[in-house]
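All chains should be built: construct the whole structure from the sequences, respecting the hints.
Top to bottom, those sequences are chains A and B. In this text, residue positions in the first sequence follow the numbering used here: the first is 1, and each later residue adds one. In this text, residue positions in the second sequence follow the numbering used here: the first is 1, and each later residue adds one.
By construction, these hints were calculated from the structure, which means they are not laboratory data. Quantities reported herein were computed from a predicted structural model and do not represent experimental measurements. Built from N, CA and C at the ideal position, the CB exists for glycine as well. Any given hint could turn out to be false.
What the hints assert, rightly or not - Keeping only pairs whose Cα atoms sit at most 20 Å apart, straight-line, the calculated EDC-like set for lysine to aspartate or glutamate is: (1) A/90 / B/272; (2) B/175 / B/188; (3) B/298 / A/74; (4) B/111 / A/74; (5) A/90 / A/33; (6) A/90 / B/125; (7) B/2 / B/61; (8) A/59 / A/9; (9) B/39 / B/61; (10) B/309 / B/249; (11) B/111 / B/13; (12) B/111 / B/23.
To be verified - Computed Cβ-Cβ distance ranges for the label pairs, DEER-style: (13) B/174 / A/107: 44 to 52 Å; (14) B/93 / A/107: 51 to 59 Å; (15) A/61 / B/350: 47 to 55 Å.
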Amino acid sequence: MFPYLPQEDAISAPFWAATRERKLLIQYCSTCDQYQWYPRAICISCATENLTWREVSGKGTVDSWTTVHRAPTEGFVPPYVIARVLLSEKVIMLTRLVGIESPACDQAVELSWQELSDGRALPVFG
Amino acid sequence: MKTPVIVGAAECDLGVTNKSILELQAQAVTRDLADAGLKISDVDGIATNAISRFSASSLADYLGIEPKFTDSTFAGGSSFEMYVARAYHAVASGQCNVVVISFASNQRSAKSRSLGGVVEHHTPEAQFETAYGPLFPLSYYAMAAQRYIHDVPNGRAALSEIAISAREWALLNPKAYRYGTASLTVAELESADLISSPLRASDCCLVTDGGGAVIITNSEIAKSLKSKSVSILGFGESTTNTSMTTHRDLRVTGAKQSGDIAFAMAGVSRSDIDVVELYDSFTITTMLSLEGLGFAGKGEGADFVLDGKTRPGGTFPLNTNGGGLSYCHPGQYGILLLIEAVRQLRGECGDRQVANAKLAVAHGTGGILSTNATVILGAN
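Encoded structure:
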């Protein structure tokens, strides 16, 4: 169901390591008191390199969603629901919605996990 | 400072060509030069992309010229509106005198287009987005459409109207892929295959070969030519995102910034515009550009189009060649927006000619609403 193994790098490695323990980490700038997604080498508000990781609540709302009816590449099995979820920490993640029959914009969702074949996991919401 | 103008506009073969990219490019350039009344040896500037890693070099070499100016800004379908700005400055300053802006694709013949798009595995968005399996770029536009339909009454019907209107124009354009077919009906639209909800096949642009070229030169050279020139009155652009998660509001695009800059430079108002060519990769793209450019307020684009004013004979002629939805979409449609705007201003459009067209907007979008570029042109 999730045939693509993300290629992590030095900056994203802590995120992916935490997924093995089913913890969702988001990059945080203490100077700005602000989270950012996706992880970068610098804060996009103040440009500091002094960023940390924080475990977040896993609560959010659906900004928007789409049911995919064609496979982008081999190994994906449609239909499935892709969504932009706005976390309560005010960052938007791309994800999937699972176990929701009729998704709607603005509905509340919570974090769950889908295991990848290498032991890491993808955050999904339902 | 010299005054840059557009003097040529031509398409290469469109549809299914079974030709190479550079054969089509050569067609576009030579037809364009013939239209302008210039020779290939007059060309000293090239702006193009999507031939190879070194696209401008490839085209210069293929044409046997050594230009003084090249640009291969790669911003998807908006690249060509951006090239107008770059070429304008190059011609105004005298860096060069004759710039050919060209594009060609053989994507349909070569079967080179995939719904998954081109994934660059090392990028942040691949790492955090590709794993979920979005169609690229389609699923991003689908989420924008979903949000639009959720928020705006009659949103779904309005997106359908954009496709219906484009088809009506295509039925008047002998070069349109859908020429000689029939009007689109709501029933047909609502039964088309869902690709990435709420977008159905009928909301999505064609996948065809095609392309074309326009020429920018200075007004002194233009005076010596037999062809009608078109004035470049304003341009503006905006680059907003590459990730599917950066941009907070899916309904607000860079069209606002690019449009505001272009209209301020041109010194004209929205209501002065006679013909509007907006990139229609998907029906939602056109809607968000209509609103972003200020032709309709945010959320008011639905009612704006639903009275049929964008169709042939209406008060707001939109995508008068039939658009990417029903005329031609060779992967990057931006060059064809410019060509149609130029032809309308020259009065060359036959059955689909907008009477007395004096001012036209061509607005390109690229990537996942990542880039927006607006050009305002005027008849001479």
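So, going through the hints one by one against the coordinates:
1. A/90 / B/272: Since the Cα atoms of residue 90 of chain A and residue 272 of chain B sit roughly 41 Å apart, the hinted pair is violated (cutoff 20 Å).
2. B/175 / B/188: violated, 23 Å
3. B/298 / A/74: violated, 39 Å
4. B/111 / A/74: holds, 17 Å
5. A/90 / A/33: Within the cut-off at roughly 11 Å; holds.
6. A/90 / B/125: Since the Cα atoms of residue 90 of chain A and residue 125 of chain B sit roughly 18 Å apart, the hinted pair holds (cutoff 20 Å).
7. B/2 / B/61: Roughly 28 Å between the alpha carbons, so the hint for residue 2 of chain B and residue 61 of chain B is violated.
8. A/59 / A/9: violated, 26 Å
9. B/39 / B/61: Distance ~16 Å between residue 39 of chain B and residue 61 of chain B Cα, so the pair holds.
10. B/309 / B/249: violated, 28 Å
11. B/111 / B/13: The hint holds at about 17 Å.
12. B/111 / B/23: Holds. Residue 111 of chain B to residue 23 of chain B sits at ~17 Å (cutoff 20 Å).
13. B/174 / A/107: 44 to 52 Å: holds, 48 Å
14. B/93 / A/107: 51 to 59 Å: 55 Å Cβ-Cβ, so the 51 to 59 Å window holds.
15. A/61 / B/350: 47 to 55 Å: For residue 61 of chain A and residue 350 of chain B the Cβ distance comes to about 51 Å; the hint holds.
The structure shown violates the earlier hints numbered 1, 2, 3, 7, 8, 10.
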